[in-house]
Amino acid sequence: MIDRATVDRIIDAAQIVDVVSDYVTLRKRGANYTGLCPFHNEKTPSFSVSPAKGVCKCFSCGKGGNAVHFVMEKEQLSYYEALKFLAKKYHIEVKERELTNEEKQEQSERESMFVINTFARDYFQDILRNHVEGRSIGMAYFRQRGFRDDIIEKFQLGFCTDSKEAMSQAALSKGYKKEFLVKTGLCYETDDHRLRDRFWGRVIFPVHTVSGKVVAFGGRMLNSETKGVKMKYVNSPESAIYHKGNELYGIFYAKTAIGKYDKCYLVEGYTDVISMHQSGIENVVSSSGTALTGAQIRLIHRFTNNLTLLYDGDAAGIKASLKGIDMLLEEGMNIKVCLLPDGEDPDSYAQKHNSSEFQEFIQKNEVDFLRFKTNLLLEEAGKDPIKRAELIGSIVQSIAVIPEAIVRDVYIKECGQLLHIEDRLLVSEVAKRREAMAEKANKPTSTYANTSPTASPAPASHGLPGADVPPPFPPETEEYYSSIPSKEREGEEFYQYERLIIQAIVRYGEKSMGDEEDENGVMTPISATRFVADDLQADELSFHNPIHRRILAEALEHDRDAGFIAERYFIAHPDPVVSRVASELASDRYQLSKFHSKTQKIVADEERLAELIPALMTSFKNAIVAAELKHIMFALQDPATAENDELCAELMQRYKDMKEIETMMAKHLGDRVVLR
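Each number in my numbering comes from the position in the sequence shown (counting from 1) with 446 added on.
Since the hints were derived computationally from the structure, they do not count as laboratory data.
These figures come from a predicted structure and were not determined experimentally.
Watch out, some of these pointers could steer you wrong.
[Claimed, not checked] Simulated pairs of lysine-lysine, DSS-like, Cα-Cα distance not exceeding 27 angstroms:
id	residue 1	residue 2
1	878	600
2	530	489
3	706	678
4	499	509
5	706	798
6	499	489
7	782	520
8	624	534
9	859	878
10	474	706
11	690	629
Sequences are here, hints too, so could you generate the full structure?
Laid out in structure tokens, this is it:
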């Protein structure tokens, strides 16, 4: 863990213009700099760099942030890797906090295991190139598969001889410990405590982490003794450094291309990845023949939202993968499927076609997952009504896991056309599935704090993603059912005001909005942060977004610290999620609002905080009331509600209360803040 003082030194040294200039030709425009965005192809510059704020942003694709975020995106590094990258650029010694004895031992063991794996990789490569068996068996196999020497070198392919002790003896003779040879899985121990090489007689495929460390190996047996055996491939076992479900073969070599093309191809095996690289398609990874895991999906999602699955047309394998597609949808990814011609897999097809031909085939033949799955299951179901009903249930379940409401709606309409079913039936079924999923996860559909005629309802934190961050002012009153859905609130008007409020906190949180009288009658200045916090607490409200709640809580915690500047603090925040959000808010092209005088002179937000922030808070509350009224009306129109007299009466009383609050708040709105 890099200590905060070192992080501050790195961020202070990493001038945003200097960092971005290594990748982009910048031209000065007023106080800022502009250039062509390095993250997408464009002809008109939309990439802006603000040296005053220390942030950059593309107003076309939306990517940007501070210097660390820029390096993370451009070099495809983690937050701490990007910090070290910048530290090296500016010759800053990285000091990490003192580890406990247990942490030191664990770190030492992990480092030792990586060192052993590096030795093994070099050993296997040397055997492949220089040993008689390596050249005659291993190299012959790779060349038979059509791999060029430069590709063999790039993927660090190797060979292990038929001797069951050669690698282990070589390692021991170099001083490597038996303990770590076993822990990495390179060797196993027999009953008589002798070491045996796990990968003897095999060609070797090293598996790399996203940062390029060798974390495991895959070995394919070539000996004629294995003809007809089921286990031609042997992989490293799970260890302290290797968890198969967390790794993707080829991700280290693919990450830059995935980011460049904003797309990833997913294949099954090692050779599929290697052959596609050789043909010129580098944005490809493999799940190594296993079902996709959540960790692997999130790893892909770090680099792109778009994934195309390449299948060789085997029906059994495709059906088994459908569960993985649902997991991808649940993560919010855009999924397409491409079936290769009969008898072809990505490896063989790539060997016969160049990059342009392969990509042209994919573009012509890839189909959206919904149409693919529907056609696949319809063919199996035939005219059997029971099987068709099961098919519809399976499609509905896939749609139900999609997190974005708009995307779900599009798929519902598409599904209705494909299956000749009314949209309203599908909407109802999807809603039931999502309700069941929420109940199974013990997450209530929506809850709000109970409100009085003098208080406005606000989103509670219950059941929200990331709700482990507690709101700064959790309601202590009895919870009350609300008709507003707990998820997908980002489309509601009140959420837009919430974002503007938190933007004001990031930009001007420490600025004074005037004086207030304390309990001793002394007038003291009140900051924008404290005004917002007090206003929310008075009505027992909290923000919808957990990151917004965290920013407000931390701004309040440091509000009276000498020299505290909210924008500087949050842009340089050690949590990359917080710093990225703060950078986006600080680099927004527009002001929070635009107030014009008679001469049309724009008055800066900072000069109007005493007017702007109260107006935002009032609009925020009013928008919540409006949303509640709208969703209560939707609930009252539900036939199930009409049949429940008690619930119907409760909702009607709730509607009446909300209308009273709306009337009261209308008197206080005054000038409305225009959303941008």
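Against the structure, the hints:
1. 878 / 600: violated (51 angstroms)
2. 530 / 489: Given pair residue 530, residue 489 is violated - Cα atoms ~33 angstroms apart, limit 27 angstroms.
3. 706 / 678: violated (35 angstroms)
4. 499 / 509: holds (16 angstroms)
5. 706 / 798: The hint holds at about 25 angstroms.
6. 499 / 489: holds (26 angstroms)
7. 782 / 520: holds (26 angstroms)
8. 624 / 534: With a Cα-Cα distance of about 35 angstroms, the restraint between residue 624 and residue 534 is violated, given a limit of 27 angstroms.
9. 859 / 878: Measuring from Cα to Cα gives roughly 17 angstroms; hence the hint holds.
10. 474 / 706: holds (26 angstroms)
11. 690 / 629: holds (15 angstroms)
Of the numbered hints given earlier, the model fails hints 1, 2, 3, 8; all others are met.
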